[in-house]
Amino acid sequence: MVWLVNQPYTLTLTVGSQHQDDFGHTNNIAYLQWLEKVAWAHSNHLGLDIDAYKRLNCGCVVRKHELNYAFPTYIGDELQVGTWISANDGKLSTIRDYQIVRVSDHKTVFTGRTYFVTVDMVTGKPKRMPPEFITAYVPAS
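Residue numbers for the sequence shown follow our numbering, beginning at 1 and rising by one.
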């Protein structure tokens, strides 16, 4: 695979009929679900699962998504969904990038970016990120 960064965190999945839209290709909502899935898997891998968020009373919520669809995908396509942290200001903001590569031809079919803000898990108000977030959510080099 040709990745935009060295060693992204990846999941492999296969496009199923439940992902297809009326145009015969993968629905845009499926991509967003895959981004959420790989982001949580990566966060869990880094030791920050939902239980850690609750214990720290701090979590990352989406402020904005940027989604770029380069090529359509279809039922049966095997995809590698990659993610990495691209920025962390150590205060309130983290940026996570994504790349989806079709295994059969190694084409990047999708790229995306999510802007997160850290919030208090009880009040939902912005909250400075704890040291655990700073050490876990390190930008990829």
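If you're looking for bench data, these hints aren't it; they were derived computationally from the structure.
Here the structure is a predicted model, which is why all the values come from computation and not from measurement.
Quick reminder that beta carbons are idealized off the backbone N, C-alpha and C, glycines included.
Check before you lean on any hint, since a few could be wrong.
Unchecked claim - Computed list of lysine to aspartate or glutamate pairs in EDC-like fashion (alpha-carbon distance at most 16 Å, straight line): (1) LYS54 - GLU132; (2) LYS91 - ASP120; (3) LYS91 - GLU132.
Unchecked claim - The following label-pair restraints were derived from C-beta to C-beta distances: (4) TRP40 - LYS125: 17 to 25 Å; (5) VAL103 - ALA140: 20 to 28 Å; (6) ILE29 - HIS106: 21 to 29 Å; (7) ALA87 - GLN20: 28 to 36 Å; (8) LYS125 - PRO72: 34 to 42 Å; (9) VAL2 - TRP40: 22 to 30 Å; (10) GLY47 - LYS107: 26 to 34 Å; (11) GLY124 - MET1: 32 to 40 Å; (12) THR123 - TRP3: 31 to 39 Å; (13) LYS54 - GLN20: 32 to 40 Å; (14) TRP40 - VAL5: 15 to 23 Å; (15) GLN20 - GLY124: 32 to 40 Å; (16) GLY90 - ILE29: 15 to 23 Å; (17) SER141 - ASN44: 30 to 38 Å.
Evaluation of the provided hints:
no., hint, verdict
1, LYS54 - GLU132, "13 Å, holds"
2, LYS91 - ASP120, "13 Å, holds"
3, LYS91 - GLU132, "12 Å, holds"
4, TRP40 - LYS125: 17 to 25 Å, "23 Å, holds"
5, VAL103 - ALA140: 20 to 28 Å, "22 Å, holds"
6, ILE29 - HIS106: 21 to 29 Å, "25 Å, holds"
7, ALA87 - GLN20: 28 to 36 Å, "34 Å, holds"
8, LYS125 - PRO72: 34 to 42 Å, "40 Å, holds"
9, VAL2 - TRP40: 22 to 30 Å, "25 Å, holds"
10, GLY47 - LYS107: 26 to 34 Å, "33 Å, holds"
11, GLY124 - MET1: 32 to 40 Å, "38 Å, holds"
12, THR123 - TRP3: 31 to 39 Å, "38 Å, holds"
13, LYS54 - GLN20: 32 to 40 Å, "36 Å, holds"
14, TRP40 - VAL5: 15 to 23 Å, "19 Å, holds"
15, GLN20 - GLY124: 32 to 40 Å, "35 Å, holds"
16, GLY90 - ILE29: 15 to 23 Å, "33 Å, violated"
17, SER141 - ASN44: 30 to 38 Å, "22 Å, violated"
Checked against the numbered hints given earlier, the structure breaks hints 16 and 17 and satisfies all the rest.
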